[in-house]
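Asks: We have chain A; now place chain B onto it with these hints.
For the record, the sequence lines run as chains A and B. Counting in our numbering, the first sequence tops out at residue 426, every number present. Counting in our numbering, the second sequence tops out at residue 426, every number present.
None of these hints come from the bench; they were simulated from the model. Among the clues, some could well be false.
Unchecked claim - Simulated DEER-style distance windows between Cβ atoms:
{"id": "1", "chain 1": "A", "residue 1": "306", "chain 2": "B", "residue 2": "278", "range": "44 to 50 Å"}
{"id": "2", "chain 1": "B", "residue 1": "60", "chain 2": "A", "residue 2": "317", "range": "25 to 31 Å"}
{"id": "3", "chain 1": "B", "residue 1": "141", "chain 2": "A", "residue 2": "98", "range": "40 to 46 Å"}
{"id": "4", "chain 1": "A", "residue 1": "19", "chain 2": "B", "residue 2": "320", "range": "23 to 29 Å"}
{"id": "5", "chain 1": "A", "residue 1": "274", "chain 2": "B", "residue 2": "282", "range": "43 to 49 Å"}
{"id": "6", "chain 1": "B", "residue 1": "99", "chain 2": "A", "residue 2": "66", "range": "34 to 40 Å"}
Built from N, CA and C at the ideal position, the CB exists for glycine as well.
Protein chains: 2
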Amino acid sequence: MRGRRPNELEAWEAAALIARRELSAEALLLACLERIAARESAVRAFAALDADAALARARALDAGPLRGPLHGLPLGVKDLFDTADLPTSYGTAIHAGHRPAADAAAVALCLEAGAVLVGKTETTELATMQPAPTRNPHDAARSPGGSSSGSVAAVADGMLPIALGTQTAGSIIRPAAYCGIVGYKPSLGRVPRAGIKLQCESMDTAGGFGRSVRDVALLGSVLLGDERLRFGDELFAPRIGLAPTPWWPQADADVQAVWARAVATLAPLASCADAALPAGFDDLVPLQKRLMFHEAARSLSHERVRHRERLSPGLRAMLDEGLAIPVTQYQADLVAAADWKRRIDALFDDHDLLLAPSTTGEAPPIDSTGDPLFCRPWSLLGLPCVHLPFARGASGLPVGLQVVGRHGDDHRLLAAAHWVHQRLIA
Amino acid sequence: MRGRRPNELEAWEAAALIARRELSAEALLLACLERIAARESAVRAFAALDADAALARARALDAGPLRGPLHGLPLGVKDLFDTADLPTSYGTAIHAGHRPAADAAAVALCLEAGAVLVGKTETTELATMQPAPTRNPHDAARSPGGSSSGSVAAVADGMLPIALGTQTAGSIIRPAAYCGIVGYKPSLGRVPRAGIKLQCESMDTAGGFGRSVRDVALLGSVLLGDERLRFGDELFAPRIGLAPTPWWPQADADVQAVWARAVATLAPLASCADAALPAGFDDLVPLQKRLMFHEAARSLSHERVRHRERLSPGLRAMLDEGLAIPVTQYQADLVAAADWKRRIDALFDDHDLLLAPSTTGEAPPIDSTGDPLFCRPWSLLGLPCVHLPFARGASGLPVGLQVVGRHGDDHRLLAAAHWVHQRLIA
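The shape of chain A in the complex, shown without the other chains (with noise of 0.2 Å):
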């Protein structure tokens, strides 16, 4: 541990540790809770904490076998998850108070391979625009993004190794660039979403954050079920392919910079080349605007029928802008969508991961949760992507670039991942 605190560590270090029974799961556990109760008024993390039941599991996990790969570790869960022992809220005050009746299967994952549930994290609005009120640790007059915002804000804080999100549009890698850590969106599709408050089926996915890349592929191997994602770092040089996208003038002077550092570090190491990514691309940011804001509307639709009053102007007006997108325009969209999955699919013979930028800049004022077009076109195509925290921008905040593989093949992109991170912050 060479002088660092539990809650300072890497999870997969952590777990070792634990499995080791050289740290105890409480021991941890009453790092993170310190470090919680010091820090929680400030960054609000937490929708919902429960510290004795959290110490209560940490001390049954120290006293019996190893339940598996998360064994002790203490998770955040974003409050859109459901959880049968912690009130569930989705971000609206709608359903304040609201007890479901299982817990997400993601959470029974985690739970089932021995993570210490310690409390619900903070997201936006039913996980849209409207935000949480969590500050970015790194500026409190700035926004962690969204719509994940306290998982991200939590283990950027050292208040927990690791925390489940949701992206659907730029929920899970944009707030890991904004608050510096590493952020994992699986494949769409690989990971159950029983229990997560549904929005648009085309993009939902349930992933998560970590300090490492190391630390998201431990926890995606649970929620994947597949445990090369976690004994698959061997080191190899990734053929990389270079995509700035048709959105790269909106990358601010950070972003830039950051992209410049990364091609220089990178090109003499790997095999870089500009991934030529096919024509129209730029249809995709339109295109998975519509499919969300048609999907939001109708799985929505308790809430936008029942409960109008209750919901942000700004939510209300894009459900009516989705409902207003006729049925023949979303089903030509699907087909679209479809279709262009189809054709990125062969962008990967030639790349073993796409290097593109994670946001336009450092994280804007906590008024907005910042803008997620650079992973609108991943999350449509749904590609999985890993942020890649590296560098600081002009007002010393965190900025990255985040990695993008082939469909399915999650665990050679956070093999490759890991390998570019690595030398990115050598």
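Replies: Just chain B now, with coordinates in the frame of chain A:
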């Protein structure tokens, strides 16, 4: 109404009378409630019922403007859909008395369109194989089929004009066949699943029941948000592909007789040709089972881990079997399923619909919900299906066939199904 009681009307007829104010929502509901009072103790279709709330709603609808295409229609909802105003237990004592925060999206859409929620209908244990208490209205010693047991029984018995169900293997088409009503499973991915207890995201699909194709088209138009479904019943002679499927030898004499009768009726009126199912089509049944078992084992992790002793032995065994399937097999199965979907699509260049068996025979005894064999391939392929009842078997119980359409062409399938059904019942 020509002497029929309101609860015996087809849903589209009742909706038209209500829209013209020739029938009140209250009178229709009262007729349904009277039938429920007379028959529920024998049929046991309902897991929860709120007559007072339904009456208040019906009176409010009668006093106000038309809300939508389902204005005033009493609706039953399978107890796998969340409802904010009625308890939801997903067919298991584990969740007895649970009260969800919100209506499932499909329920909210029906209520927005003017439906009157009457009750929650019985489902099998977590929508799997352990029977619900519901009896077949035609013979109390027989199963109504599952998992949408209560919804089918209520519609078949004249308790309700329409009801919601879900299908993963054969949970809409099979019970519709056993009870002799029309069942409609939409194309995968076209009805939002928010608020449904998910079991297998590769296949779980919400749909519904009525007494005619027009009834399910009316209901489907709301579920899919596509009014072409209810205005698409122009008469035309569809090109019918005959698809007895490789499992034909398992169809009993009753099914073979209705098949022969259907072909004899339709062949003089429309183009009927053998559908050339791709080689290897018989792989689809084991493929469907593996995907379903593996996804169910992960989606139902909360119940599998925390309430193992309260699951039926059959469900425990199914989840254990699913969990033992290697993730690499599962991922290969997902790729194979996607490939099959592409291959099957071409079949619909030559046929407007496929005619196929719905079940192996009449409804079985009540200790089983029957075999979903003939539904599994179409569920795996995500294709829209409509069960058409038109005959009786050797025991006097309903028998019929299903028609299957191209993915996404639900409005064309329903128009063709209406054409076919009119001729089969003529």
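Asks: A separate judgement is required for each hint: does it hold in the structure or not?
Replies: These are the hints, each one checked on the structure:
1. 306(A) x 278(B): 44 to 50 Å: holds (47 Å)
2. 60(B) x 317(A): 25 to 31 Å: Once the Cβ atoms are compared, 28 Å apart, the range 25 to 31 Å for residue 317(A) and residue 60(B) holds.
3. 141(B) x 98(A): 40 to 46 Å: holds (42 Å)
4. 19(A) x 320(B): 23 to 29 Å: The hint (23 to 29 Å, Cβ to Cβ) holds, given that residue 19(A) and residue 320(B) are roughly 26 Å apart.
5. 274(A) x 282(B): 43 to 49 Å: For residue 274(A) and residue 282(B) the Cβ distance comes to about 46 Å; the hint holds.
6. 99(B) x 66(A): 34 to 40 Å: holds (37 Å)
Against the hints set out earlier in the document, no violation occurs for any number.
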